[in-house]
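Asks: Sequences listed follow chains A and B, in order.
Mapping of the first sequence onto my numbering: position 90 corresponds to residue 90, and the numbering continues sequentially without gaps.
Mapping of the second sequence onto my numbering: position 122 corresponds to residue 122, and the numbering continues sequentially without gaps.
The reader is advised that the hints may include incorrect statements.
Note: identical chains are not told apart, hence a pair may lie in one copy or across any two.
[Said to hold, decoys possible] Mimicking DSS-like on lysine-lysine, the simulated pairs with C-alpha atoms at most 27 angstroms apart in a straight line are:
no. : residue 1 : residue 2
1   : Lys103    : Lys11
2   : Lys123    : Lys143
3   : Lys124    : Lys34
4   : Lys124    : Lys103
5   : Lys124    : Lys11
6   : Lys123    : Lys103
7   : Lys124    : Lys30
8   : Lys30     : Lys123
9   : Lys213    : Lys124
10  : Lys124    : Lys63
These are computed hints drawn from the structure, not numbers from a lab.
Just so you know, these numbers come straight off a predicted model, no measurement behind them.
There are 2 protein chains.
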Amino acid sequence: MTDSGIGNEVKALVFDTFGTVVDWRSSVVKAGEKLSRETGQTVDWPTFAEEWRRKGYHEQIAKIRAGEAPYETTDVFMRHKLEEMVPKYGLKLTDDQLEWLHKVWHRLDPWPDAVEGLTRLKKKFVIATLSNGNVALLVNMAKHGGLPWDMVLSAELVEKFKPEPEMYQSAGRLLGLPMNQVMMTAAHLRDLYASREHNMRTAFVRRPLEWGKDGPQEGEPDRQKIDVVANSFVELAEQLGA
Amino acid sequence: MTDSGIGNEVKALVFDTFGTVVDWRSSVVKAGEKLSRETGQTVDWPTFAEEWRRKGYHEQIAKIRAGEAPYETTDVFMRHKLEEMVPKYGLKLTDDQLEWLHKVWHRLDPWPDAVEGLTRLKKKFVIATLSNGNVALLVNMAKHGGLPWDMVLSAELVEKFKPEPEMYQSAGRLLGLPMNQVMMTAAHLRDLYASREHNMRTAFVRRPLEWGKDGPQEGEPDRQKIDVVANSFVELAEQLGA
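Start from the sequences, fold in the hints, and give me the full structure.
Replies: Here's what the structure looks like:
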């Protein structure tokens, strides 16, 4: 079904990245397994990846938002968490191995449909990240995966993390568009509902494997707040007439 | 001549845009001439373009840097100047025509070698703007001309204009690189010399037609401060082994 109405009103699509554009979980697990093969050290990498993500990223962002920690970039605080976790998991790494593992977030692989879908969407719309990741991470991730962004919008540009209002508002301000011409695209309903409070259009893309085969799932979207629902970026492009 | 040394030390190239990547003068003149044909109103468009650029852009940035005017984006202050200039040149325009002329800065054409050179450079380096133009202008210009930036860095992200230190420093900070791994690329020696004070590498690309056939020229570069000199982006790519 082509919703040519909304596809003609919207001028730009901005994307959550971790989980929506790239498969952080399997990329981190794959890097960990490579390190295990090289060093002969066994680690439960799915558990490691999930702890790094939940505690090193989500919980730290919550602390910064609550004023319990100073603003830092994701690269900085995820590195701190990694340095705590490595000995806890019984790992011994050289400085180069630690740096390589830390930088796996700059080398996350796109979901299989992401590049094809973005390439189609780019012909009709401005496409940009709108991510809590820092700029260098997002630029390097795009280089690694071939993500054809027109612009990299990041928490680092406003020193506020989603779902703070400043982050959503920065998309309209920096792209020079009214908020209702910018569509937030995410696999996370919380992100989309927050963007809706700032008058953005919303696209929910299901990523059922984000937390693994038996991982938690998003619920059903409230269609009062979600304009488009798709199972891939290619489906999204079709629905928007791109 | 390939300078593989510097081409292997540098990780990112950042580009001045107006005059270096795009030919602002002939693009504005061409838009003006189109408007003249459509409205039957005659204007000396080369003079118009140069006044808009010198007074609406350079002089206003100088005022903001001197603290004589508040920070605004280029879109805002160049629009103000346009609204002054239109009646002065005896032009009568509809709101749509005025908006279309204003937005010509979002539709500037690249120099003929720019897309080919950038496409080659992008395979080896991170490539980004580092421009006094605002983000929306630069994103739209890239879309118009097919400029394949990895990132759009702009005065709007730091609310300071080149040659303020914060602008040059933002390139290293946001790209996550030491300053001596970032190469400032420009057709203007003043911009390059200022970047050098912040430890950047420098590439001077000659654009002898920036101000027209008989327009002012840049002098000879001080090779103590300029690492690479080229006549096009394709030559630059060759010299950097890209």
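Asks: Taking the hints in turn, state whether each one holds.
Replies: Results for each hint:
For a Cα distance limit of 27 angstroms, the shortest separation of Lys103 from Lys11 across copies, 16 angstroms, qualifies, whereas the shortest one inside one copy, 33 angstroms, does not. Proximity of Lys123 to Lys143 under the C-alpha cut-off of 27 angstroms is found in both arrangements, the shortest distances being 19 angstroms within a copy and 9 angstroms between copies. In the homo-oligomer, the alpha carbons of Lys124 and Lys34 lie at most 27 angstroms apart only across protomers (26 angstroms), although the nearest pairing inside one protomer, at 39 angstroms, exceeds that limit. Taking CA atoms no more than 27 angstroms apart as the test, Lys124 paired with Lys103 passes between copies only; the shortest distance there is 19 angstroms, against 33 angstroms inside one copy.
For the homomeric pair Lys124 and Lys11, the shortest alpha-carbon distance inside one copy (8 angstroms) is at most 27 angstroms, but the shortest distance between copies (31 angstroms) is not. Taking the shortest alpha-carbon separations for Lys123 and Lys103, only the inter-copy value of 20 angstroms comes in at or below 27 angstroms, while the best intra-copy value is 31 angstroms. For the identical chains of this complex, Lys124 and Lys30 are inter-copy neighbours only, at 26 angstroms across copies versus 34 angstroms inside a copy, given an alpha-carbon limit of 27 angstroms. In this homomeric assembly, Lys30 and Lys123 come within 27 angstroms of each other (Cα to Cα) only across copies, at 25 angstroms, whereas the closest approach inside a single copy is 33 angstroms.
For a Cα distance limit of 27 angstroms, the shortest separation of Lys213 from Lys124 qualifies neither inside one copy, at 34 angstroms, nor across copies, at 37 angstroms. When the C-alpha separation of Lys124 and Lys63 is checked against a cutoff of 27 angstroms, the pair qualifies neither within a copy, at 38 angstroms, nor between copies, at 38 angstroms.
Hint compliance for this structure: hints 9, 10 are not met, and every other hint is.
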